[in-house]
Amino acid sequence: MNNEVNEGLDYTIAVIFMCCIVISCYLTRLVGGFTVTNQNNNPYKLLARPIQVSRVSNPFSVSILNQQAASTENGIELEVRSKTVGLFNSFWGVKIDQTYRIISDIQERIRKTGWKRRLLSDAFASISEVNSHSIRIEECKPNIVNCKLLHNQRISLGSLPRSSYPLVIIIEEERVDVLEDKYVIALIMVIHLPDEFFKQNCEILQKSVLTIDGHIYQLQKIFAVDQENESLQTESDLISTDNTIENEELNNIGKLKQHHPA
Numbered sequence: 001m002n003n004e005v006n007e008g009l010d011y012t013i014a015v016i017f018m019c020c021i022v023i024s025c026y027l028t029r030l031v032g033g034f035t036v037t038n039q040n041n042n043p044y045k046l047l048a049r050p051i052q053v054s055r056v057s058n059p060f061s062v063s064i065l066n067q068q069a070a071s072t073e074n075g076i077e078l079e080v081r082s083k084t085v086g087l088f089n090s091f092w093g094v095k096i097d098q099t100y101r102i103i104s105d106i107q108e109r110i111r112k113t114g115w116k117r118r119l120l121s122d123a124f125a126s127i128s129e130v131n132s133h134s135i136r137i138e139e140c141k142p143n144i145v146n147c148k149l150l151h152n153q154r155i156s157l158g159s160l161p162r163s164s165y166p167l168v169i170i171i172e173e174e175r176v177d178v179l180e181d182k183y184v185i186a187l188i189m190v191i192h193l194p195d196e197f198f199k200q201n202c203e204i205l206q207k208s209v210l211t212i213d214g215h216i217y218q219l220q221k222i223f224a225v226d227q228e229n230e231s232l233q234t235e236s237d238l239i240s241t242d243n244t245i246e247n248e249e250l251n252n253i254g255k256l257k258q259h260h261p262a
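Read in order, the letters of the sequence shown correspond to residues 1 to 262 in my numbering.
There may be inaccurate statements among the hints.
Cross-link-like lysine-lysine pairs, in silico, DSS-like; alpha carbons within 27 Å at most [said to hold, decoys possible]:
1) Lys83 to Lys141
2) Lys199 to Lys148
3) Lys116 to Lys95
4) Lys112 to Lys95
5) Lys199 to Lys95
6) Lys116 to Lys141
7) Lys83 to Lys116
8) Lys148 to Lys95
9) Lys148 to Lys83
It is worth saying that the hints were derived from the structure and are not from the lab.
Kindly produce the complete structure, drawing on both the sequences and the hints.
So, in structure tokens, the structure goes:
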């Protein structure tokens with residue numbers, strides 16, 4: 001009798017053991033199957049991704065419509081778009097060193113006392129040789145702006161390497177309320193324009209934005225000036241360059257100097 005009980009118990013244990021093995025194999029295969037499927041569908045999913053420094057919404061877009069013909073003599077034609085009401089200002093012949101000093105001072109003022117309307121444009125007007133345009137930008141529609149010096153106006157850009165920028169464009173947010181943290185309140189764009197001494201075609205040297213918390217961000221990609229690639233950018237990826245913005249621009253100036261030695 002005892003032998004029959006023992007044999008029955010052994011058989012039960014064996015069955016349970018085999019069931020455990022079968023279940024374990026099934027679960028292992030199932031998990032392994034999911035792993036393989038994920039890897040096949042997205043082989044890069046497990047790779048480390050670059051850390052995104054910041055992400056803010058850039059409401060402003062500027063494209064050059066007459067890049068080949070643009071110059072200090074002919075002026076420049078721009079298409080400006082904005083997701084919000086903005087104020088457009090153009091400044092001619094701005095000293096390079098003063099440009100970065102102004103930006104640094106503005107950042108400090110914003111962090112201490114907050115943002116005020118036309119804070120950036122008023123500061124640039126104090127150092128610009130000519131402030132030729134100040135217009136209101138309508139939201140969500142193309143705004144065509146012709147920036148041109150008057151016939152009796154002249155700017156001095158200095159010898160190569162240039163001591164002044166031909167043209168600096170500032171677009172500022174007109175609202176001062178209901179602005180969220182990290183909201184872009186201004187676009188700063190530096191444009192090279194050829195003159196009789198420096199014939200290189202018009203090009204955008206730098207495009208940066210200023211946020212309401214006082215940070216300067218350089219756009220991760222310098223946008224092409226053709227209209228196909230210069231579409232209105234929203235949710236642009238931006239990289240903070242508070243400490244490297246001047247070095248980046250000096251590299252651009254050096255590049256221009258190499259193309260056109262004095």
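Hint check:
At roughly 8 Å between alpha-carbon atoms, Lys83 and Lys141 fall within 27 Å of each other, so this suggested pair holds. Using a Cα cut-off of 27 Å, the hinted pair Lys199 and Lys148 holds, with the two alpha carbons roughly 18 Å apart. Our distance criterion of 27 Å between C-alpha atoms is met by Lys116 and Lys95, whose separation comes to about 24 Å. At roughly 26 Å between alpha-carbon atoms, Lys112 and Lys95 fall within 27 Å of each other, so this suggested pair holds.
For the suggested pair Lys199 and Lys95, the alpha carbons sit about 20 Å apart, so the restraint of at most 27 Å is met. A distance of roughly 25 Å separates the Cα atoms of Lys116 and Lys141; the hinted pair therefore holds under the 27 Å criterion. Between the alpha carbons of Lys83 and Lys116 the distance comes to roughly 19 Å, so the proposed pair stays at or under 27 Å and holds. At roughly 19 Å between alpha-carbon atoms, Lys148 and Lys95 fall within 27 Å of each other, so this suggested pair holds.
Taking the CA atoms of Lys148 and Lys83, the gap is about 26 Å. The hint holds against a cut of 27 Å.
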